[in-house]
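Asks: Turn these sequences into a full structure, and let the hints steer you where they fit.
Which chain is which? The protein sequence lines are R and G, in order.
1 is the number of the first residue of the first sequence in the working numbering; add one for each residue after it.
234 is the number of the first residue of the second sequence in the working numbering; add one for each residue after it.
No wet-lab data here; the hints were simulated from the structure.
There could be a bad hint or two in this list.
[Claimed, not checked] Straight-line Cα separation of at most 30 Å, BS3-like style, residue types lysine-lysine; simulated pairs:
hint : chain 1 : residue 1 : chain 2 : residue 2
1    : R       : K92       : G       : K347
2    : R       : K32       : G       : K347
3    : G       : K518      : G       : K665
4    : G       : K347      : R       : K88
5    : G       : K636      : R       : K135
6    : R       : K135      : G       : K347
7    : R       : K135      : R       : K122
8    : R       : K92       : G       : K636
9    : R       : K32       : R       : K135
10   : G       : K347      : R       : K77
11   : G       : K636      : R       : K207
12   : R       : K103      : G       : K347
13   : R       : K122      : G       : K636
14   : G       : K636      : R       : K77
15   : R       : K122      : G       : K347
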Amino acid sequence: MMSRSQARMFFVGGTILFSLVFLFLTVDTLIKVPDLTHARNITPAVDRGKQIWESNNCMGCHTILGEGAYYAPELTKVVERRSEQWLKVFLKDPQAMFPGERKMVQYHFTDGQISDLIAFLKWIGETNLNGFPAKPVLKMTATSAPASAAPASHSTVTAPAMFSQLCTACHAVGGNGGNIGPALDGIGTRRDTTWIDKWLIDPQAVKPGTAMPTLPMSNDERAELVKYLGELK
Amino acid sequence: MKYTSQRVAYWFFATCMLLFSLQIVYGFIMGFAHMGMDGLHDLIPFNAARATHTNLLVVWLLTGFMGASYFIIPDESGRELYSTRLAYIQLISLVLVGVTAIAGFHMNWWEGRKFLEIPRPLDYVVVANVLLFLFNIGMTVLRSNKYTATGIVLYVGLVSAALLYLPGMIYFSNQTVDSYFRWWVVHLWVEGVWELIMGSILAYLLIKLTGVDREVVEKWLYVIVGLTFLSGILGTGHHYYFIGTPSYWLWIGGIFSALEPLAFLGMALFAIAMYRRSGRNHPNKVALYWTMGCAIMSFVGAGFLGFAHTLPQVNIYTHGTLVTAMHGHLAFWGAYAMIVLAVISYTMPLMTGRKLWNTMPALLAFWLSNIGMLGMTAAFAVAGITQVYLERRLGMDFLAVQKEVEVHFLGLVLAAALFTAGIVLYIYTFIKFGKPTAELQENIDTEDYPVRESHAALGGA
Ligand code: HEM
Ligand code: HEM
Ligand SMILES: [Fe+2]
Chain R
1 MMSRSQARMF
11 FVGGTILFSL
21 VFLFLTVDTL
31 IKVPDLTHAR
41 NITPAVDRGK
51 QIWESNNCMG
61 CHTILGEGAY
71 YAPELTKVVE
81 RRSEQWLKVF
91 LKDPQAMFPG
101 ERKMVQYHFT
111 DGQISDLIAF
121 LKWIGETNLN
131 GFPAKPVLKM
141 TATSAPASAA
151 PASHSTVTAP
161 AMFSQLCTAC
171 HAVGGNGGNI
181 GPALDGIGTR
191 RDTTWIDKWL
201 IDPQAVKPGT
211 AMPTLPMSND
221 ERAELVKYLG
231 ELK
Chain G
234 MKYTSQRVAY
244 WFFATCMLLF
254 SLQIVYGFIM
264 GFAHMGMDGL
274 HDLIPFNAAR
284 ATHTNLLVVW
294 LLTGFMGASY
304 FIIPDESGRE
314 LYSTRLAYIQ
324 LISLVLVGVT
334 AIAGFHMNWW
344 EGRKFLEIPR
354 PLDYVVVANV
364 LLFLFNIGMT
374 VLRSNKYTAT
384 GIVLYVGLVS
394 AALLYLPGMI
404 YFSNQTVDSY
414 FRWWVVHLWV
424 EGVWELIMGS
434 ILAYLLIKLT
444 GVDREVVEKW
454 LYVIVGLTFL
464 SGILGTGHHY
474 YFIGTPSYWL
484 WIGGIFSALE
494 PLAFLGMALF
504 AIAMYRRSGR
514 NHPNKVALYW
524 TMGCAIMSFV
534 GAGFLGFAHT
544 LPQVNIYTHG
554 TLVTAMHGHL
564 AFWGAYAMIV
574 LAVISYTMPL
584 MTGRKLWNTM
594 PALLAFWLSN
604 IGMLGMTAAF
614 AVAGITQVYL
624 ERRLGMDFLA
634 VQKEVEVHFL
644 GLVLAAALFT
654 AGIVLYIYTF
664 IKFGKPTAEL
674 QENIDTEDYP
684 VRESHAALGG
694 A
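Replies: Structure (structure tokens):
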């Protein structure tokens, strides 16, 4: 049997040996990380975004790189999942995008802060994460789809970029998209284009108390959307 | 209690009870928020509740470790504490920092990294505070001429915990590097140096409660903490799988973290073996329950449930889900909360001179809190596994999945109510003991219950 001094040697020796190996690997990791994380893309905006992220403790509800809290969605790949345009609208007024759902804090960010945050999220989304998050293996077909796949299969009309970036978060067309708002298949038969135009300018004016948010868009973008929706028959 | 200065431990333990109660309140706020009852959102958003819950946990555990050290180190060194005044100053300043940090969380003021939410300016105060503590304990050890392995391992654990806090204070603009060093605090604390603190307190309690020879206990203590570092240092790699670090961490972290349960298994087997050899019929059965319970539950929570999600093939699905919360609760409870509650149960009769051991409320406190915590672990487990399956395997939307698991949070809150009933009884017992007395109670725990001859011989074998 081991004596006490041998046991102490095991402790001291093991600790020193493994600490040295760990320090060596740390140095090697720090040399490789800039490449794996595209550190050259860390612009001042990305850094400011990280500081906004930390000074509001977003990690206290969300996870990023899989670390944080389990109350709100994982955000490492959120730009890919939602698009920058969507995030811009969402961060202005989070609760408007998810009416009646679990609440995020309304931070009243300025446009500058929002674009810094998006820069940070975009940078982190490009990091090489050894395969995380794993692609769902048993993916169900109808639940959710990448925004770009939104145009309806039975329709020959292509959706404007604005539609796939923003509207599909809440509306489905041809079975693809969110379910917070009604599916928009056949909207062109249900509503005329003047109504749709008015609706997009200010939903509250058409139907007070509605959960559809007023979304920021230029006149051209709106015209394009109205034309597209009018053709969904 | 051999030295009057050991009494300062009482005030540290009383603080523990207070902070622990508050921690539980914030746990309930989050449990209800997960069920969709977030009425407090405007006042206490989830991130504030969470930071308060986990920081109170860490602070009350540290306060407990400090109290335990102020009791154990004089005993092991054979002299009075270097300065009781410093100890009180240190306790009061620790509480002030804690209160400021928690008030800050409610006003959106933080460093904003998981478990390191305390704002950076306050970090410096924490460091000063811990240095004061280490100085006080260190001087006590130095001024004595007695160095025991238990005392030394405890002191090494405390000093390393302080050192490892430092890398967590640096700002990095690269989130990957930020996370890399965050784990030097979080992982190397709970799966490294805190295990030294836990192991040495466990050794101390076993020596006192079972009467097994010090030589035997301390030999095993070295083997166990040796195993801790052998596996735990490179085991840090289980947090470096998916954060933008090189892929060799997948196998280094996988292999070494898979060995980590050995240290906890060692502790459980060691405690059971010492208990079997026990030559002493110690009257403080409740303290023995908490001590043995700690050794066993830490293996279940940290060793077994840690192993369950530590291999990269599993972790790629469970990483950052409620499965982690399941493991976090039972591991922290079994290893660190229970060891602090064990020391408190052991020392209270000695400090107050009241032989209130083995009362009904004290026994119920042990059983209710442990059964409640196992229930909470089960609720988190079911919610977590459902989340992994629906969100990570089927690709369902996050919020839709959260609706599916809401019902398990009802289970969580019910189990937590049972747990809380146990803790209320524990605190009731604590209050019943009253304040520490001025007279020395030398060996009231052992004088009437001497070591039996035959067993003493066995213990020394
Ligand atoms: C008493 C000891 C332990 C405590 C208190 C503890 C506690 C925790 C906590 C609080 C977390 C979440 C950390 C964060 O996300 O910031 C965590 C994560 C983790 N723990 Fe432990 N742990 C202990 C021991 C172990 C052991 C022995 C193993 C492995 C055998 C282990 C495996 C893991 C893994 C793999 C994760 C990462 C989970 C994820 O990817 O989300 N833990 N632990
Ligand atoms: C008794 C009532 C308790 C309730 C209802 C409760 C509930 C919760 C909830 C809902 C979370 C947040 C999970 C998330 O991010 O969504 C949490 C986190 C946490 N709680 Fe508790 N808790 C309680 C007691 C405790 C106790 C006694 C301990 C320690 C012994 C503890 C340790 C932790 C830890 C370490 C975390 C962070 C887990 C992680 O990040 O993986 N809690 N708790
Ligand atoms: Fe770990």
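Asks: Within a Cα-Cα threshold of 30 Å, do K92 of chain R and K347 of chain G meet the stated pairing?
Replies: holds (25 Å)
Asks: CA of K347 of chain G to CA of K77 of chain R, is that 30 Å or under?
Replies: Between K347 of chain G and K77 of chain R the Cα gap is close to 19 Å, so the pair holds against 30 Å.
Asks: If you draw a straight line from the CA of K135 of chain R to the CA of K122 of chain R, is it 30 Å or shorter?
Replies: Given that 30 Å is the threshold and the Cα spacing comes to 19 Å, the pair holds.
Asks: Within a Cα-Cα threshold of 30 Å, do K122 of chain R and K636 of chain G meet the stated pairing?
Replies: Given that 30 Å is the threshold and the Cα spacing comes to 28 Å, the pair holds.
Asks: Take a quick look at whether K122 of chain R and K347 of chain G sit within 30 Å of each other, Cα to Cα.
Replies: holds (21 Å)
Asks: Between the alpha carbons of K32 of chain R and K135 of chain R, is the straight-line distance 30 Å or under?
Replies: holds (25 Å)
Asks: Do the alpha carbons of K347 of chain G and K88 of chain R lie within 30 Å of each other, as the hint requires?
Replies: Distance of about 26 Å is within 30 Å: holds.
Asks: Holds or violated: K636 of chain G with K207 of chain R, Cα cutoff 30 Å?
Replies: OK: K636 of chain G and K207 of chain R at ~28 Å, within 30 Å.
Asks: Is the straight-line distance between the alpha-carbon of K92 of chain R and that of K636 of chain G 30 Å or less?
Replies: holds (25 Å)
Asks: Check whether the Cα positions of K135 of chain R and K347 of chain G lie no farther apart than 30 Å.
Replies: The given pair, whose Cα atoms are some 26 Å apart, holds under the 30 Å limit.
Asks: Would the hint linking K636 of chain G and K135 of chain R be met if the CA-CA limit is 30 Å?
Replies: holds (22 Å)
Asks: Would the pair K636 of chain G and K77 of chain R pass a check requiring their Cα atoms to be no farther apart than 30 Å?
Replies: It holds: about 22 Å lies between the C-alpha atoms, which stays within 30 Å.
Hint violations for this structure: none, all hints satisfied.
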